[in-house]
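A.B. asks: For the protein sequence lines, the chains are A and B, in the order given.
According to our numbering, the first sequence holds residues 58 to 485 in order.
According to our numbering, the second sequence holds residues 58 to 485 in order.
If you are wondering where the hints come from, they were derived from the structure by calculation, not from laboratory data.
Each hint should be verified, as a subset may be incorrect.
[What the hints assert, rightly or not] Distance condition first, Cα-Cα at most 35 Å in a straight line; then the derived DSBU-like pairs of lysine-lysine:
| id | chain 1 | residue 1 | chain 2 | residue 2 |
| --- | --- | --- | --- | --- |
| 1 | A | Lys385 | B | Lys162 |
| 2 | A | Lys154 | A | Lys59 |
| 3 | B | Lys162 | B | Lys332 |
| 4 | B | Lys121 | B | Lys81 |
| 5 | B | Lys154 | A | Lys385 |
| 6 | B | Lys385 | A | Lys385 |
| 7 | B | Lys385 | B | Lys162 |
| 8 | B | Lys241 | A | Lys385 |
| 9 | A | Lys385 | B | Lys299 |
| 10 | B | Lys93 | A | Lys154 |
| 11 | A | Lys81 | B | Lys385 |
| 12 | B | Lys154 | A | Lys162 |
| 13 | A | Lys332 | B | Lys299 |
| 14 | A | Lys332 | B | Lys241 |
| 15 | A | Lys385 | B | Lys81 |
| 16 | A | Lys93 | B | Lys385 |
| 17 | A | Lys241 | B | Lys81 |
| 18 | A | Lys154 | B | Lys385 |
| 19 | A | Lys59 | B | Lys385 |
| 20 | A | Lys93 | B | Lys154 |
[Claimed, not checked] These stretches of chain B come out as covered by chain A in the derived footprint (C-beta under 8 Å, 3 or more residues):
| id | stretch |
| --- | --- |
| 21 | 74-87 |
| 22 | 186-199 |
| 23 | 202-212 |
| 24 | 348-361 |
| 25 | 365-378 |
Quick reminder that beta carbons are idealized off the backbone N, C-alpha and C, glycines included.
Protein chains: 2
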Amino acid sequence: MKQVRVGIVGFGTVGRATADIIAKHSELIQRRSGVKLLVTAVCRRQAIKTADVPHGARSLTSWKELLASDDVDVVVETMGGVDHSLQLLRGALEHGKPVVTANKKLLAEHGDELFALAVSHNLPIGFEASVAGGIPILRVIQESTAGDRLRALHGILNGTSNYILTQMENRGIDFDEALSEAQKAGYAEADPTFDIDGQDARDKLCILARMAFGGRLAVERIPTYGIRQIRAVDIRSAQRLKRTIRLVASAEQTDSGLDVSVRPWLVDRRSMLAKVEDVNNAVFLVGDRLGTQMFYGRGAGGDATGAAVVSDLVEIARDLAAGRLSAKNVVGFLDHQELTIAREPRPVGWYLRLTVHDQPGIIARVAEVLASNGMNIDSVQQEPHSPKERLSLFFTVEPVSEPKVRGALEIINAFDFMVEPVLLLRIE
Amino acid sequence: MKQVRVGIVGFGTVGRATADIIAKHSELIQRRSGVKLLVTAVCRRQAIKTADVPHGARSLTSWKELLASDDVDVVVETMGGVDHSLQLLRGALEHGKPVVTANKKLLAEHGDELFALAVSHNLPIGFEASVAGGIPILRVIQESTAGDRLRALHGILNGTSNYILTQMENRGIDFDEALSEAQKAGYAEADPTFDIDGQDARDKLCILARMAFGGRLAVERIPTYGIRQIRAVDIRSAQRLKRTIRLVASAEQTDSGLDVSVRPWLVDRRSMLAKVEDVNNAVFLVGDRLGTQMFYGRGAGGDATGAAVVSDLVEIARDLAAGRLSAKNVVGFLDHQELTIAREPRPVGWYLRLTVHDQPGIIARVAEVLASNGMNIDSVQQEPHSPKERLSLFFTVEPVSEPKVRGALEIINAFDFMVEPVLLLRIE
Numbered sequence: 058m059k060q061v062r063v064g065i066v067g068f069g070t071v072g073r074a075t076a077d078i079i080a081k082h083s084e085l086i087q088r089r090s091g092v093k094l095l096v097t098a099v100c101r102r103q104a105i106k107t108a109d110v111p112h113g114a115r116s117l118t119s120w121k122e123l124l125a126s127d128d129v130d131v132v133v134e135t136m137g138g139v140d141h142s143l144q145l146l147r148g149a150l151e152h153g154k155p156v157v158t159a160n161k162k163l164l165a166e167h168g169d170e171l172f173a174l175a176v177s178h179n180l181p182i183g184f185e186a187s188v189a190g191g192i193p194i195l196r197v198i199q200e201s202t203a204g205d206r207l208r209a210l211h212g213i214l215n216g217t218s219n220y221i222l223t224q225m226e227n228r229g230i231d232f233d234e235a236l237s238e239a240q241k242a243g244y245a246e247a248d249p250t251f252d253i254d255g256q257d258a259r260d261k262l263c264i265l266a267r268m269a270f271g272g273r274l275a276v277e278r279i280p281t282y283g284i285r286q287i288r289a290v291d292i293r294s295a296q297r298l299k300r301t302i303r304l305v306a307s308a309e310q311t312d313s314g315l316d317v318s319v320r321p322w323l324v325d326r327r328s329m330l331a332k333v334e335d336v337n338n339a340v341f342l343v344g345d346r347l348g349t350q351m352f353y354g355r356g357a358g359g360d361a362t363g364a365a366v367v368s369d370l371v372e373i374a375r376d377l378a379a380g381r382l383s384a385k386n387v388v389g390f391l392d393h394q395e396l397t398i399a400r401e402p403r404p405v406g407w408y409l410r411l412t413v414h415d416q417p418g419i420i421a422r423v424a425e426v427l428a429s430n431g432m433n434i435d436s437v438q439q440e441p442h443s444p445k446e447r448l449s450l451f452f453t454v455e456p457v458s459e460p461k462v463r464g465a466l467e468i469i470n471a472f473d474f475m476v477e478p479v480l481l482l483r484i485e
Numbered sequence: 058m059k060q061v062r063v064g065i066v067g068f069g070t071v072g073r074a075t076a077d078i079i080a081k082h083s084e085l086i087q088r089r090s091g092v093k094l095l096v097t098a099v100c101r102r103q104a105i106k107t108a109d110v111p112h113g114a115r116s117l118t119s120w121k122e123l124l125a126s127d128d129v130d131v132v133v134e135t136m137g138g139v140d141h142s143l144q145l146l147r148g149a150l151e152h153g154k155p156v157v158t159a160n161k162k163l164l165a166e167h168g169d170e171l172f173a174l175a176v177s178h179n180l181p182i183g184f185e186a187s188v189a190g191g192i193p194i195l196r197v198i199q200e201s202t203a204g205d206r207l208r209a210l211h212g213i214l215n216g217t218s219n220y221i222l223t224q225m226e227n228r229g230i231d232f233d234e235a236l237s238e239a240q241k242a243g244y245a246e247a248d249p250t251f252d253i254d255g256q257d258a259r260d261k262l263c264i265l266a267r268m269a270f271g272g273r274l275a276v277e278r279i280p281t282y283g284i285r286q287i288r289a290v291d292i293r294s295a296q297r298l299k300r301t302i303r304l305v306a307s308a309e310q311t312d313s314g315l316d317v318s319v320r321p322w323l324v325d326r327r328s329m330l331a332k333v334e335d336v337n338n339a340v341f342l343v344g345d346r347l348g349t350q351m352f353y354g355r356g357a358g359g360d361a362t363g364a365a366v367v368s369d370l371v372e373i374a375r376d377l378a379a380g381r382l383s384a385k386n387v388v389g390f391l392d393h394q395e396l397t398i399a400r401e402p403r404p405v406g407w408y409l410r411l412t413v414h415d416q417p418g419i420i421a422r423v424a425e426v427l428a429s430n431g432m433n434i435d436s437v438q439q440e441p442h443s444p445k446e447r448l449s450l451f452f453t454v455e456p457v458s459e460p461k462v463r464g465a466l467e468i469i470n471a472f473d474f475m476v477e478p479v480l481l482l483r484i485e
């Protein structure tokens, strides 16, 4: 039985789960791959408790030391962040070692450099764990859609936000309460910005869109809105419309380019998107031939992410043992073609929540602005029993492209009766 | 640019779609794989119309001739059936040619022989298209779950049955009408037995279960029930219970072995299974670490199946061009271990529909039989306005294992007031 020796850098939730799966599923892995995986070194800046160090592994505090070790064949990066992990991946590839990473931020920002470096050393980078945890969506896009042209993809890519939205809906609580509960439950960080303001979903979307549509896409070019502004009144309003709210990352080919964004959507309560609850993730792919496909599963957590890391390790170990290790043609990261962002996004319906100091004539004035910007009102509601000085008004409008809505919002936000800026949600 | 020459045997819907995708997506395929696919020969017993023959390909009427051709590197089998396709696959492998097939019946019945032959010639068999058309579920099971131990899988694997059930529900029509409409729409064969009696789903389940749980499983050992007995009264009764009916293929590890079957289930109307409508398929996987995953998409049709065939072709072509073509370790088809079928399946809820000639005391007599077989009644309903000589009675019972229900059914079916045997559905 051939042995492949693994070094794990960053021994947090995912790193520990990876080591645990390798130990507990050793026989299964051998049967599936014909290779025995062995963790020989683990590394974290703060020394790891002896009881936590995998049997037979050395515990290190410097990743540079791990990199220089003779007894590591594959490097697993689960420390997160960008600076050190970038140096680590560069170093590993330059030392001739394949790597597996769960770091979407690193790949969204430095994927071009890293995949090119991997090609120049003819080594693979495993990164299935970087997007949607346990859902093997990158393999699906890379391999299975080779026979089809993708037109669109969208999905729920951030478990923390989805957990918060689900809690707000199921329990009628407000955003702050749901966030603090998510933090207590370990589903949100002490600083939750990255998750709730949409950057995490944006980084993942960037990777997905590049692979699906084959080209470069700078992560900062993706318009990104989070869920921080969503309140219990919006959830109730959505319910009256037989809908619910989800943070959706989407990319769609249009005649003028890619219509791409991360933003909250109002979705039909009976839709599959609405059925994605708690920390789960889902990705929808729409292809010319395959029609709509949907992939659903746990988006985060040590076990699901660790299992994705191990699935990459098994593939690399099998190729390593067979002497056929090679770089992969990671579509979208090796072309120099740039993806064009759509000038004119496709018209969609919109939901606007205005928080106003009540006075006569508000609806008339708002309706006039909407009309003069070419928008047709679909419905107007008012939150029952809300105080006069902080009244919530809800407008839904018929499909219109985003620049028109933004134009109207600029005017509405300047009205003296507005207590805070309009909340804008896309209607599916 | 390296060229890989493809010969397609069986030029029906799937074969034609495959050729069409190869022609229309030629540039995309080249960009993704670095290889140019070229259809050089197509073959069907009845001569193919000249207009349908792909540009540059020869049209043959004998697959033996195609096999002997020098200008075919990979053989695609889309003719269906077992006898000829078995000979074709054997012949192709013995001629040193990799094959791609969409034939689940062939693999369910002769997979052991064929995958062993493939190993002895160190050649791959692509078979993604054989289960769930466009959903890349076999790749997912083969590769991505290498890091996890699967506990259960279940899914909707037959598009025809699902289309009929969806039509019955949405339009309130009876089985025969829905079947004849499905036939008109091209979703059911003139002889629909294989689809509506569950064998198609059973063959696919056999392949999935073998790969997921790693062992041999003779296809005849899977208890299989179809949807032929389901009537509009059952759909209405399900609706009163806030449920709907789906034909579900399932396999679950229990302490005493694998609990495996194809049968109609009564599922919650709000569940993801219920959301799978028309000819779509879905597969749920439950793993130790990954939790529940779900994969959804078109289960049949030339385009989806053709795209799956092409995804296999691209993988094979890439390896062929790189000189690294090799057999795959297809889990479950190369072990000699037999999967144990559970002696005592897990207790589940059941729905029983009795069609009776009404007379006093029926419910009491049925209730007594159920009680004496250890079953607790959950609800009893009667179809409103049904004629006295053909009254529908519906019982739901609390979870109990199948042998107990079967014992009770034997007694009930013998009662003189029974017009036809009890219809039994599993409740999820």
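A.B. asks: Look at each hint and say if it fits the structure.
C.D. replies: The hints, checked one at a time:
1. A:Lys385 - B:Lys162: Holds: Lys385 of chain A and Lys162 of chain B sit about 34 Å apart, inside 35 Å.
2. A:Lys154 - A:Lys59: Status holds; Cα separation ~17 Å.
3. B:Lys162 - B:Lys332: Holds. Lys162 of chain B to Lys332 of chain B sits at ~28 Å (cutoff 35 Å).
4. B:Lys121 - B:Lys81: holds (28 Å)
5. B:Lys154 - A:Lys385: holds (25 Å)
6. B:Lys385 - A:Lys385: Since the Cα atoms of Lys385 of chain B and Lys385 of chain A sit roughly 19 Å apart, the hinted pair holds (cutoff 35 Å).
7. B:Lys385 - B:Lys162: holds (20 Å)
8. B:Lys241 - A:Lys385: Cα-Cα ~46 Å, so violated.
9. A:Lys385 - B:Lys299: Not OK: Lys385 of chain A and Lys299 of chain B at ~49 Å, beyond 35 Å, violated.
10. B:Lys93 - A:Lys154: At roughly 31 Å apart (the allowed maximum being 35 Å), Lys154 of chain A and Lys93 of chain B satisfy the hint.
11. A:Lys81 - B:Lys385: Measuring from Cα to Cα gives roughly 25 Å; hence the hint holds.
12. B:Lys154 - A:Lys162: Violated: Lys154 of chain B and Lys162 of chain A sit about 43 Å apart, past 35 Å.
13. A:Lys332 - B:Lys299: Between Lys332 of chain A and Lys299 of chain B the Cα gap is close to 17 Å, so the pair holds against 35 Å.
14. A:Lys332 - B:Lys241: This hinted pair holds, its Cα atoms lying about 33 Å apart.
15. A:Lys385 - B:Lys81: At roughly 25 Å apart (the allowed maximum being 35 Å), Lys81 of chain B and Lys385 of chain A satisfy the hint.
16. A:Lys93 - B:Lys385: holds (18 Å)
17. A:Lys241 - B:Lys81: violated (53 Å)
18. A:Lys154 - B:Lys385: holds (25 Å)
19. A:Lys59 - B:Lys385: Holds, because 17 Å separates the two Cα atoms, which is no more than 35 Å.
20. A:Lys93 - B:Lys154: With a Cα-Cα distance of about 31 Å, the restraint between Lys93 of chain A and Lys154 of chain B holds, given a limit of 35 Å.
21. 74-87: holds (count 5)
22. 186-199: holds (count 5)
23. 202-212: holds (count 5)
24. 348-361: holds (count 10)
25. 365-378: holds (count 7)
Of the numbered hints stated above, those contradicted by the structure are hints 8, 9, 12 and 17, listed in ascending order.
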